[in-house]
Amino acid sequence: MTMSSNETVNQTPDETREQAWIRVMNARKENRPQARDYIAKLFHGVFEVKGDRCMGDDEAIVTAIAWFENCPVTVIGQQKGHTLEERMRCNFGMPNPEGYRKSMRALRQAEKFHRPVICLVDTPGAFCGVEAENKGQGLIIAEHLRTMATLKTPVISIIIGEGGSGGALALSLADRLIMMENSYFSVISPEGAASILFKDSSMAQEAAKNLKLTATDLKSFGVVDNVIREPEGFSRFNMDDSVEDIRRVIRAALRRLTRIPPDRLVENRHQKFLNMRGL
Amino acid sequence: MNTVLVANRGEIAVRIIRTCRKLGLKTVAVFSENDEHGMPARLADVSVCIGPRQAEKSYLNIDSILAAAKAFKADMVHPGVGFLSENDAFAEACAEAGLRFIGPDPETMRLLGDKQTARKTMIENGFPVVPGSEGTVGSLKDALAIAREIGFPVMIKAAKGGGGKGIRVVGDAAALEKEFALVRREAELAFGDGSVYLEAYLPEARHIEVQILADMHGNAIHLGTRECSLQRKNQKLLEEAPAANVDPAILDAIQQTAVDIARCVGYKNAGTIEFLLAPDGRFFFMEMNARIQVEHPVTESIYGLDLVKAQIQVAMGHHMAVPQEQIVAHGHAIECRINAEDPAENFRPSPGVIKSMTLPGGSGVRIDAGYAAGDEISPFYDSMVLKLICTGDDRDEAIRLCSGALSELSIEGISHNAAFARAMLADPDFQSGRVHTRWIEQVFIPRYLRGQQ
Amino acid sequence: MNLFNEKVTVTSEEADILGEKPEMLRCGGCKREMVADIVHAADSICPYCGALFRQPAYRRIETIVDSGSFIEIERDAESRDPLSFPGYKTKIESERSKSNLQEGVVVGKATIKGLRTAIAVMDSYFMMGSMGTVVGEKIVLITEFATLNRLPLIIFCASGGARMQEGVLSLLQMSRTTIALARHSEQRLLHINVLTHPTTGGVTASFAMQGDITLAEPGALIGFAGPRVIQQTVGDKLPEGFQTAEYLYERGLIDRIVERRDMRDTLAALLALHAGSAADDVRPKTSFKEWYDDVFKRNS
Chain A
1 MTMSSNETVN QTPDETREQA WIRVMNARKE NRPQARDYIA KLFHGVFEVK
51 GDRCMGDDEA IVTAIAWFEN CPVTVIGQQK GHTLEERMRC NFGMPNPEGY
101 RKSMRALRQA EKFHRPVICL VDTPGAFCGV EAENKGQGLI IAEHLRTMAT
151 LKTPVISIII GEGGSGGALA LSLADRLIMM ENSYFSVISP EGAASILFKD
201 SSMAQEAAKN LKLTATDLKS FGVVDNVIRE PEGFSRFNMD DSVEDIRRVI
251 RAALRRLTRI PPDRLVENRH QKFLNMRGL
Chain B
1001 MNTVLVANRG EIAVRIIRTC RKLGLKTVAV FSENDEHGMP ARLADVSVCI
1051 GPRQAEKSYL NIDSILAAAK AFKADMVHPG VGFLSENDAF AEACAEAGLR
1101 FIGPDPETMR LLGDKQTARK TMIENGFPVV PGSEGTVGSL KDALAIAREI
1151 GFPVMIKAAK GGGGKGIRVV GDAAALEKEF ALVRREAELA FGDGSVYLEA
1201 YLPEARHIEV QILADMHGNA IHLGTRECSL QRKNQKLLEE APAANVDPAI
1251 LDAIQQTAVD IARCVGYKNA GTIEFLLAPD GRFFFMEMNA RIQVEHPVTE
1301 SIYGLDLVKA QIQVAMGHHM AVPQEQIVAH GHAIECRINA EDPAENFRPS
1351 PGVIKSMTLP GGSGVRIDAG YAAGDEISPF YDSMVLKLIC TGDDRDEAIR
1401 LCSGALSELS IEGISHNAAF ARAMLADPDF QSGRVHTRWI EQVFIPRYLR
1451 GQQ
Chain C
2001 MNLFNEKVTV TSEEADILGE KPEMLRCGGC KREMVADIVH AADSICPYCG
2051 ALFRQPAYRR IETIVDSGSF IEIERDAESR DPLSFPGYKT KIESERSKSN
2101 LQEGVVVGKA TIKGLRTAIA VMDSYFMMGS MGTVVGEKIV LITEFATLNR
2151 LPLIIFCASG GARMQEGVLS LLQMSRTTIA LARHSEQRLL HINVLTHPTT
2201 GGVTASFAMQ GDITLAEPGA LIGFAGPRVI QQTVGDKLPE GFQTAEYLYE
2251 RGLIDRIVER RDMRDTLAAL LALHAGSAAD DVRPKTSFKE WYDDVFKRNS
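Residue numbers (the numbering used here), protein chains in the order written: chain A, 1 to 279; chain B, 1001 to 1453; chain C, 2001 to 2300.
From the structure, some residues in chain B lie toward chain C, with a derived Cβ separation under 10 Å: (1) Gly1024; (2) Val1030; (3) His1318.
Quick list of in silico lysine to any residue cross-link-like pairs, SDA-like style, CA-CA up to 20 Å: (4) Lys135/A with Tyr2247/C; (5) Lys199/A with Arg2228/C; (6) Lys135/A with Phe2242/C; (7) Lys1057/B with Gly2050/C; (8) Lys2031/C with Asn1034/B; (9) Lys219/A with Ser242/A; (10) Lys135/A with Asp2212/C; (11) Lys272/A with Val249/A; (12) Lys135/A with Gly2241/C; (13) Lys2031/C with Arg1053/B; (14) Lys2007/C with Val1322/B.
Don't read these hints as lab results, they were simulated from the structure. Where is the CB? At the ideal position from N, CA and C, for every residue including glycine.
Same shape as in the complex, but just chain A:
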């Protein structure tokens, strides 16, 4: 199902529920393009930087310096893994504190060198293990948010798959927030919501509808700036059209954002979020 980002369609409740759940399922599809796939297509001359200079290297997060067309950029992506082996290495895209610390290192370096930052968000959530808590998972996400809030260089975030709660939000405090048509961004997983609301996680479909987590929903809330179409049969082997759309959106955004003096840029970013009152 394809939809232009500017269309609104009147739907029945059943259709809404279906659509929300379809989006969620698509966001989680195995052959969906992941961060490394986008990096390979969107950027060239990619130099991957590793490690958090403190505790280790978390493969759930990819950080790299690369060229976007003729502009050096910093790329930060959340990688889930296509093969079982990769998924284990990447912890299924659930970052530990080391991952967010690595990301913060990349952010600060980008700021130092006035490189725009492009984040590719795709995670079921931050990892909730004992060691992750011990190392301050909450604290590191808070610090990551703070760093992004005051970063004196343009930030563009794209939700390419699952926008799982705080773990995803950490990378989305940006000047532009873009969502792929079949991605979702939610405060809690549909299954989690279902078990709380209906005491039955198989009611996830109903919960997904109530959570209003699709790209369309978020566009209507004014939270997301652009929604990128995904053509029929969209997969990591068939992504070129969408990549072209993304490229166009990034190019336009960069052109505008790199012209704004850093202080003004930060101020605009603040106002963007402060104005999302929702009240």
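Please build the complex by placing chains B and C on the supplied structure of chain A, with the hints as guidance.
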């Protein structure tokens, strides 16, 4: 009007709960964490913990107590003795919370609670007061001047004191200079207010008090006198009703003055006016306690009434119907306070668990106990275990009855002063009424200790 | 002797009122049940064993600030139910009827031992202290107020996480509060967090961990993911004391654990230490009313 919250502990809480039961009223007991298994908690219909053992966090914690009253839908609050019983802020808070406070109005409490304001009021209205300073004494210089005028020895008293605390006697100017600042500091720490006033110290004076009862409709009566001269460190050990060996005309005058004072301040409910009776027959207002007193049973015994019941009825707005002339006392009552202390060791407190108790009984013998066998007398609160009240047709009978009852009394597990009390009853000074407020300390204790050897 | 005209009468129906039980709480420490109002009158501390109960916001404020100095703002802010989430409006109504709390946080200004401060106190009795658009907005507003008036900010945190019923808009409050606090920090103003039981989820992962000084109450549960979820993820038993304030303190995540009875003094001491750090000669830029009106012009 059917549920009373008893904002106290120990013997007086038990006393109040028993009368409430007699009247068909429900009772709510509050206790600190230390008193979880005490008698009040066992006897009341509901009981609830209101704080840890420190009094200011529990028995003095107005918020907690009001929360308990609200939670268990109490209509009335009886504050007992000590703790919040003379706290006008508490009385006001009760009123604001829609609870009937069993006691006088907050304004009256404020007036009488500040000892030197009370004194001033008495002076203004022409009642006899112990010679002393007009108001509080601000400086040592003023103190010395006043002391010179009224004559040594003088007593330095805390304006916000009570229950015998915050009092010092000084015999000359040098002692006054030494103690003045100390008493002020003690008062500041104990009562939150360091104001003091001076009173002449009347040697060999007797402490005679009058029980007052007034309803909310302007009727006020007295219920006779009590002799409370037997004190040690300003704490009463033994009380009698009526006061004996006093010229009846003087007693009459004291009683009438008391009623006049009660009317003058617009007193409501039960209260006690304390006087000092000098050897030459002059008497002086000392202070008025705006609550029921520990020694109230001796009055109850000779008049055949229940003062706690009367308090509750006053609070319910009932009208007193019996004129003063028709209120007649019969016989003589003596109360001994039995405390967990060791007279041989300078009255050192002797806290501990009561292993067993054997109590006397019979005609004219009443025991008001706050503890039973198995209960613990804790070191955190006062050390009174029980009160023994003996009533006879006359004073000699009462003395013999009391002495016999004391010999029957036994409490295992703690030291107590029953033997000491018995020795006092046998003393010729006591029997002939040649006692005064310093008699125990100055005369009897040395005599007693000598006798022990 | 009966001194009175009237007799004391108690009818049997009246005497039965004691049947209805008041609201009770169970102490997590000694397991005793006790009357809620009494516990909260005693500073929300168990009188038997000293364990801390979650303290209602208004009571917390009373014990911390100078008597009568607290001025609340934004008390009546209400959620718009942006997702039209089924049952949400009813839930809010029912929570509001439980006590005088209107939402999950109380914000305003006060003095502590004479030192002026902005203060926000979350209350976990209101929908588990979950952060939705109203909680987020109130924290943003009080932070902006503090920034404008050059006031330090003290936040008492207590939350079960982001409020599910407002979806991604709840999540967004993490970003918004972060930004407001970053702007406050830029003015070299002090932000103190007091983490109380429980502080979890999106609140932990945003403003609760962004303070200059992070204090915690003894035994408080503080973490990002909930203990049950972690248990399910790892399968093993959780370590002893996991996610308690003491546990975090050992791991360098907290500055100090402060007993409830010492909290006011500690906060006053910190405020005094920092009183010189913001230029004293800078007066508030506008009156409170002007600022307030300006903020709401932004929305309409």
